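Construct all of the structure, not just a fragment, from the sequences and the given hints.
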Amino acid sequence: MKITEQDLKNISLLSKIRIDEETSDSLTKDLESILTMVNKMDELDTSKVNPLTHPIENTQTLREDIEKKDIEREKLQKLSKEKDSGFYLTPKVIE
Amino acid sequence: MSELIKLSLTDQILGLTDKSFSSKEITEAYLNEIKKKKSLNCYISVFEEESKENALIADENIIKNKARPLEGIPIAHKDIFCIKDKKTTCGSKMLSNFISPYSSEVFSKLDNAGAITLGKTNMDEFAMGSSNETSFYGNVLNPINEKLSPGGSSGGSAAAVRANLCSFATATDTGGSIRQPASFCGVTGIKPTYGRVSRWGMIAFASSLDQAGIIAKNAKDAAIALKYMSGFDQKDSTSLNEEVKDFQKEVDAKQDHVIGIPKELIENIKNDQVRDSFNNSISILEKDGAKIEEINLPHIEYSLPAYYVIAPAECSANLARYDGIRFGHRSDSVSSLEDLYVNSRTEGFGREVKNRIFIGTFCLSAGYYDAFYNKALKIRNLIKNDFDEAFKKVSSIAMPTCSNSSFELGSISDPVEMYEQDIYTIPANLAGLPAISIPSGIANEMPIGLQLIGNYLDEGRILNLANKFQKLTDFHEFK
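Those protein sequence lines, which keep their order, are chains A and B.
Number 64 in the working numbering belongs to position 75 of the first sequence; there are no gaps in the numbering.
So the mapping is simple: the working numbering equals the position in the second sequence, first residue as 1, plus 64.
What the hints contain is simulated information worked out from the structure, not anything from laboratory work.
For clarity, every value in this text was computed on a predicted model and none was experimentally measured.
Just to be clear, a hint being listed does not mean it is correct.
Claimed, not checked - Residues from chain A that face chain B, not an exhaustive set, calculated with beta carbons under 8 Å:
1. -2
2. 3
3. 4
4. 19
5. 27
6. 30
7. 44
8. 55
9. 57
10. 68
11. 69
12. 74
13. 76
14. 79
15. 83
Claimed, not checked - Calculated cross-link-like contacts (lysine-lysine; reagent style DSS-like; alpha-carbon spacing at most 27 Å):
16. A:-9 x B:442
17. A:72 x B:157
18. B:148 x A:72
19. A:37 x B:457
20. B:150 x A:64
21. B:334 x A:57
22. B:327 x B:150
23. A:57 x B:442
24. B:157 x A:-2
25. A:70 x B:173
26. B:299 x B:173
27. B:150 x A:29
28. B:334 x A:67
29. A:57 x B:150
30. B:334 x A:29
31. A:58 x B:148
32. A:5 x B:173
33. A:18 x B:157
34. A:29 x A:-9
35. A:58 x B:299
36. B:327 x A:67
37. B:457 x A:70
No residue lacks a Cβ here, since even glycine has one placed at the ideal position from N, Cα and C.
Written out as structure tokens, the structure is:
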């Protein structure tokens, strides 16, 4: 399977990861090799098969809706480099 | 003192209980060994002072007859399990500054059972790799031959057990990350049924495949460790609300076994030593009274392609949380919000993780979703059905853990060739079945493993069969 320059641009845009020019050739080679292996799936006719998203077919267990206070905001925000008065800071998004 | 670290978990528990030695002695012996074998790079962090303090507390509990089941036993956790107030890196630069504000259920359970955490083991970045070479903290060396890979992604845990740097270690398995390194290092590794062990606080890679398990010296030790790690957890919505059987009793119980052999798969094994060793293992079990049945798993050859769509797809969604804002690496060169996302992620992730995010993103993108992701999920269903059919007539299924023994570090650069490492381990993850790898022979002077796959929630049976094999052979003894 061929990966075009446009495909690479789309993947980079969607995944928010930059693809440098120096690595784009070897990356294209890797991705093409992986997708070629993946294409083996086409040998199988799966038109009458249902997709299986989860290996165990049990109903999700729901817990009682009881208020808990186990999230410590300050402690969690300590992990962020940039914060102020309980807010996370990012570069300006509106002019 | 160095003899203590070589004892099995069973003997260590006995020795601590009858006060033949103390937790202080055994903990210090492990810490000394860790220092001596630092070059193996098994640990990302070691909690020296805290381990010593906890050993003293354990010794007091033992004296006061208040010992918990794993009281004073020094263990290691894969650095994918969060421990409160401790660095949890997941082998990545992205989390090199992450001090966890909470503990994983796996850690809490073993901690409450009295185990002492010596430190956290090295691993492939975000558990993505089969050689430990993708770790941001450098690769682990195989203790049997340091030029070779310990396997991955739980290579640090497997090598640490093999090198006597802990009594047993926790690990995780998404496509073979417990069983393949166990095979490469000549140790025992079990991935239980999906949902058996809580994923709370275990950093996510592919949520429908990830499962925590144990790497230990032998099946008996693994059974004890798994017993105290398993169980329903309200905090994990996919955790199974099922009774946890006493694996410790089951491992030694009298059980009859019917072992299914996927004949076609075995005939197609390319490596003669791997095939011969497998056939030899089966005849050992057959002579011991196990019944052998040929089975058919017609879709198993499609496991690898289906996995390399599903796992990257889930990975690309899970790793979207690393945005540079709330936790994890944040780039310093930022002038816009887009820059913040892109630069933080580009700098924080390594090549293999990026490859998998790219593949997952591509397979889930408009126009490709049906052809790749949906198709893979349908194949997953076919594979699960193959196993369901097989388990109607057998109690476990045997196949090799890997198609080869360990390879030289740096020798595999083609990603697909690396992915093929997991060709025999992936099917159990896709179906959510429990599976164990035990040392069963030698190829190219390195250990190889026998893999036993069990039916849902039937960990006890494969542990029992593994224990039977280990009573009849000595491949699991470190020589």
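Against the structure, the hints come out as follows:
1. The beta carbon of residue -2 of chain A is not positioned within 8 Å of any beta carbon in chain B (closest approach about 12 Å), and the interface hint is therefore violated.
2. This hint holds: residue 3 of chain A has a C-beta 5 Å from the nearest C-beta of chain B, less than the 8 Å allowed.
3. Evaluation of the residue 4 of chain A hint against chain B yields a held restraint, the C-beta minimum of about 4 Å falling below 8 Å.
4. A cut of 8 Å between beta carbons decides the hint on residue 19 of chain A: the least distance to chain B is about 5 Å, and the hint holds.
5. Residue-level restraint check for residue 27 of chain A holds (minimum Cβ-Cβ distance to chain B is 5 Å; threshold 8 Å).
6. With 8 Å as the threshold, the beta carbon of residue 30 of chain A comes within range of chain B, its nearest partner Cβ sitting at about 5 Å, so the hint holds.
7. Against a cut-off of 8 Å between C-beta atoms, the interface hint on residue 44 of chain A holds, since the closest Cβ of chain B lies about 3 Å away.
8. At a threshold of 8 Å, the smallest CB-CB gap from residue 55 of chain A to chain B is about 11 Å, leaving the interface hint violated.
9. Violation of the interface hint for residue 57 of chain A is found here, the shortest Cβ-Cβ separation to chain B being roughly 11 Å, above the 8 Å cut-off.
10. A hinted interface residue such as residue 68 of chain A counts as satisfied when its beta carbon comes closer than 8 Å to some beta carbon of chain B; here the least separation is about 4 Å, so the hint holds.
11. For residue 69 of chain A, the interface hint holds, the least distance from its beta-carbon to any beta-carbon of chain B being 5 Å, beneath 8 Å.
12. Interface restraint check for residue 74 of chain A: the shortest CB-CB distance to chain B comes to about 16 Å, outside 8 Å, so the restraint is violated.
13. Restraint check, residue 76 of chain A versus chain B: the minimum CB separation of about 11 Å is more than 8 Å; hint violated.
14. Nearest Cβ of chain B to the Cβ of residue 79 of chain A: about 5 Å, under the 8 Å cut. The hint holds.
15. Given hint, residue 83 of chain A at the interface with chain B, is violated; its Cβ is 10 Å from that chain's nearest Cβ, farther than 8 Å.
16. Only pairs whose Cα atoms come within 27 Å are accepted, and residue -9 of chain A paired with residue 442 of chain B is accepted, the gap being roughly 24 Å.
17. For the given pair, residue 72 of chain A sits about 21 Å from residue 157 of chain B by alpha-carbon distance, which is consistent with the 27 Å threshold.
18. As the CA atoms of residue 148 of chain B and residue 72 of chain A are separated by approximately 22 Å, the hinted pair is consistent with the 27 Å bound.
19. Of the pairs offered as hints, the one joining residue 37 of chain A and residue 457 of chain B holds, with about 26 Å between alpha carbons and a cut-off of 27 Å not exceeded.
20. Only pairs whose Cα atoms come within 27 Å are accepted, and residue 150 of chain B paired with residue 64 of chain A is accepted, the gap being roughly 13 Å.
21. Between the alpha carbons of residue 334 of chain B and residue 57 of chain A the distance comes to roughly 56 Å, so the proposed pair goes past 27 Å and is violated.
22. Taking the CA atoms of residue 327 of chain B and residue 150 of chain B, the gap is near 48 Å; set against the 27 Å cutoff, the hint is violated.
23. About 40 Å separates the Cα atoms of residue 57 of chain A and residue 442 of chain B, which puts this hinted pair outside 27 Å; it is violated.
24. Taking the CA atoms of residue 157 of chain B and residue -2 of chain A, the gap is near 25 Å; set against the 27 Å cutoff, the hint holds.
25. Of the pairs offered as hints, the one joining residue 70 of chain A and residue 173 of chain B is violated, with about 32 Å between alpha carbons and a cut-off of 27 Å exceeded.
26. Note on residue 299 of chain B and residue 173 of chain B: the hinted pairing holds, with a Cα-Cα distance of about 13 Å set against a maximum of 27 Å.
27. For the proposed pair residue 150 of chain B and residue 29 of chain A, the alpha carbon gap of about 44 Å is over 27 Å, so the pair is violated.
28. Distance check on the hinted pair: residue 334 of chain B and residue 67 of chain A sit about 53 Å apart at the alpha-carbon level, beyond 27 Å; violated.
29. The suggested pairing of residue 57 of chain A with residue 150 of chain B holds, with an alpha-carbon distance near 24 Å, which does not exceed 27 Å.
30. Distance restraint check for residue 334 of chain B and residue 29 of chain A: the Cα-Cα separation of roughly 20 Å lies within the 27 Å cut-off, and the hinted pair is therefore satisfied.
31. Taking the CA atoms of residue 58 of chain A and residue 148 of chain B, the gap is about 17 Å. The hint holds against a cut of 27 Å.
32. Of the pairs offered as hints, the one joining residue 5 of chain A and residue 173 of chain B is violated, with about 37 Å between alpha carbons and a cut-off of 27 Å exceeded.
33. With a CA separation close to 25 Å, the supplied pair residue 18 of chain A and residue 157 of chain B stays within the 27 Å bound.
34. The straight-line distance between the Cα atoms of residue 29 of chain A and residue -9 of chain A is roughly 15 Å, inside the 27 Å bound, and the hint therefore holds.
35. Taking the CA atoms of residue 58 of chain A and residue 299 of chain B, the gap is near 14 Å; set against the 27 Å cutoff, the hint holds.
36. As the CA atoms of residue 327 of chain B and residue 67 of chain A are separated by approximately 56 Å, the hinted pair breaks the 27 Å bound.
37. As the CA atoms of residue 457 of chain B and residue 70 of chain A are separated by approximately 58 Å, the hinted pair breaks the 27 Å bound.
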